[in-house]
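Asker: Okay, here's what each chain looks like letter by letter:
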Amino acid sequence: AQKVTQAQTEISVVEKEDVTLDCVYETRDTTYYLFWYKQPPSGELVFLIRRNSFDEQNEISGRYSWNFQKSTSSFNFTITASQVVDSAVYFCALSEWGGGYNKLIFGAGTRLAVHP
Amino acid sequence: EAQVTQNPRYLITVTGKKLTVTCSQNMNHEYMSWYRQDPGLGLRQIYYSMNVEVTDKGDVPEGYKVSRKEKRNFPLILESPSPNQTSLYFCASRTGVNEQFFGPGTRLTVL
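Just so you know, the sequences run in chain order L and V.
Counting from 1, one number per residue, gives the positions in the first sequence under the working numbering.
Counting from 1, one number per residue, gives the positions in the second sequence under the working numbering.
To be clear, the hints were calculated from the coordinates, so they are not data collected in a lab.
Beta carbons are placed, not taken as given, at the ideal position from N, Cα and C, and that holds for glycine.
Keep in mind that the hints are not guaranteed to be accurate.
To give an idea of the interface, some chain V residues facing chain L are shown, with a C-beta separation under 7 Å as derived from the structure [said to hold, decoys possible]: (1) P8; (2) Y10; (3) D38; (4) G40; (5) G42; (6) L43; (7) Y48; (8) N51; (9) G58; (10) V97; (11) P104.
Excised from the complex, chain V in its bound form:
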C-alpha cells in the first residue's frame, strides 16, 4: 500500500530535550516536506527536499533541522525543543506536480 508513515504519532517531551520525528514513504517520490498545523493558521511548511541531499527552508524553519540521506526517509529534528513548537506535524511527499500525500501526523507537546 502506497503510504507516508510517521513516528511517533504522539510525543510529550520537555524543553531542551532533543527529539527526532521520522518520516518514510514507499512511493519513490522525489519531493518531501514537513508542515506544522496550528489553529487558525492552517499548515505551514517547515522544510522541504527535492531529492537526496537537497533540502531547503520553508516558511517556518527556525528551531528545526532535516536530513535526506535516502530517498524514502526525511526525518525532522528538534535539537532543543521549546513550548512554541507544540503543534501537529505532517510529513508529505509527491512526484512531479501531483498532489502531496500526507502522513498521519505527529502530535507534539513540549512542556
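Next comes chain L alone, as it looks inside the complex:
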C-alpha cells in the first residue's frame, strides 16, 4: 500500500547548522510524483518542490536541496545554513498515477525548530 514515512517527529537545531529531513515512501506505481510542503506557524501550506519518478536529478534552490533516490525510495530535504525563519512543520507527500493523481498521501510531518 502507498505510504509516506517521516521518521523524524521533531528536530531542533541552532541557526546556521545544516539539517536534513528524511522522507521514505512506498508505492507500487512506477509513475508518481513526490512533493515537499512547508507549514509555518501561521498554518498555511507552502509548496516547495515537485519531482516525478523519472527524474532522479538532485535539485538545489538557494539554501534548499533535495536528494531523490529511487533505490532506497527516499526523497530527503536538506536546509543549508538554517535560519529562524525555517522553523516550520515540513511535509513530504506522494501522488500516484494509479490513483489518477487525485490525492496527495502525506507523511506525518517533521517539526523543525531553528534557534538563534
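Dock chain V against the given chain L, drawing on the hints supplied.
Answerer: Here is chain V on its own, set in the frame of chain L:
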C-alpha cells in the same frame, strides 16, 4: 491573485449542528479536494472532485458531504458534526499533475 479561499477560518460549534465550510478557487482548476490535518497523522483526504458534478470519496469520508455545482466552488458539509471531527481542514485545487494549491485552512472545534 491566484488563490484558494476558505470560510470561515475558525469555527466553534456544538455536536449535531449542521455546518458548511466554503471553498473557492479562481484558477479555473478542474480538480479540488478536501483534507483534514490531525497531529501525528499529517493530512488525509476527505473527498475530491475531478470536475463539475463529479465527486468521489477519499480516505476519511465518513460524516462529510461535498458538492461541485460550479467549477470554482467545492463546499464541505458536516450534516451532524461530532467531536471527532474537530480538526484543521484544508481545501486544495490543481490542474493536470501540477502541485495542489491549498487554502489557508479552517480550524473547526466541535463541542
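Asker: Under the constraints set out in the numbered hints, which ones does this structure not fulfil?
Answerer: Violated: hints 1, 2, 3 and 8.
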